[in-house]
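Fit chain Y to the supplied structure of chain G, relying on the hints for placement.
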Amino acid sequence: MELTDADLIARVLADDDQHAFGELVRRHQSSVRGLLRQLTRTDVSLADDLAQETFIRAYKNIRSFRGEARFSTWLYRIAYNCFREDTRKRKELVGVDEALLQSEYDPQTVDPGLRHDLMHALNLLPLHERTAVVLCCQSGLSHDEAARVLDIPLGTVKTNVLRGREKLKQTLAAWGPN
Amino acid sequence: MKAMIDDETLDRQLREAAPYIDDDGFTTRVLANLPAAQRQPRWLRAMILLGLAILGSGIAYVLSGGFVRESVIQLSNFPIWLLLVFAFGCGLVVGAFAVIFAIRKTPDVRDLTRLEF
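So the protein lines, in turn, are chains G and Y. Take 13 as the starting number for the first sequence in the working numbering and just add one per residue. Take 1067 as the starting number for the second sequence in the working numbering and just add one per residue.
Okay, chain G solo, but in the shape it has when bound (with noise of 0.2 Å):
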């Protein structure tokens, strides 16, 4: 019988299982690296630095996992804060900003032709309404839980969800079939 997360955590705490924790390494790794790789907006190699941070902060900090929320959920909010911090410190080193990557992203210079339409449409969307819509409508996530990921009120979740549908929605009917 597979071992839930649960009892995987349970052998972690217990006895420092590395085996065990590399167990949930090798469950989450996808969606952790592809959540890292839409908020890097497909940079590999930055994502997967992010993404090892992020499970071995998991390791140092699984005391204070108290399953409450599912280990996914837990995992996606650490991820989420080591992009920022990392977002942070390149701003401070390079005064790199939102607007300017945003401005990387000119709807204009995407071929519409291309076989990622989606995923590139995705690019597109400010931050905040990539993040929600990842989480919410790819991830699978709730909008209560999203907003314990993202540290942000449940209507500010709710609200960039359906404008980040929108924009979607819109970028791709424009790319459509005439």
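Read the hints as simulated data drawn from the structure, not as lab findings. Please note that the accuracy of each hint is not assured.
[Said to hold, decoys possible] Chain G regions said to be covered by chain Y (calculated; three or more residues, Cβ under 8 Å):
#1 55-65
#2 68-81
#3 130-136
#4 173-183
These numbers were taken from a predicted model, which means no experiment stands behind them. All C-beta atoms, glycine included, are put in the ideal place defined by N, C-alpha and C.
Structure of chain Y alone, referenced to chain G:
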């Protein structure tokens, strides 16, 4: 005007568009960078606790100056029903503590009972 897809279709397409990312050595790299385990294995901790308990009991017995021995002799003079009640009471107290700590360490049971600790 071009038609727009509905929310359900958009969400489904988003989920399908997110590829499964192969591990490709990622887990190995994470494990290689974890801090070394610092805690002793469970059996070693159990042995240390047991050893300390025996040592503490021995010291307490020696320092009591015969008080413990006399107490045990007096206790053996008690009626059998009183000894049974005493043993049962001790069992209840220890069992209650065991249940409380088991619930505290098991999130599923804790959520089920909705107890706050």
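(Q) Please verify the coverage claim for the stretch 55-65 of chain G: does it have three or more residues whose C-beta sits within 8 Å of some C-beta in chain Y? (A) holds (count 3)
(Q) Just to make sure I understand the rule, a stretch counts as covered if three or more of its residues have a C-beta closer than 8 Å to a C-beta of the chain. Does the stretch 173-183 of chain G meet that for chain Y? (A) holds (count 4)
Q. Taking a Cβ-Cβ distance under 8 Å as contact, does the stretch 68-81 of chain G have three or more residues in contact with chain Y?
A. Coverage by chain Y holds for the stretch 68-81 of chain G (6 residues, Cβ < 8 Å).
**Q.** Coverage of the stretch 130-136 of chain G by chain Y, judged on three or more residues with CB within 8 Å
**A.** holds (count 3)
Checked against the numbered hints above, the structure violates none of them.
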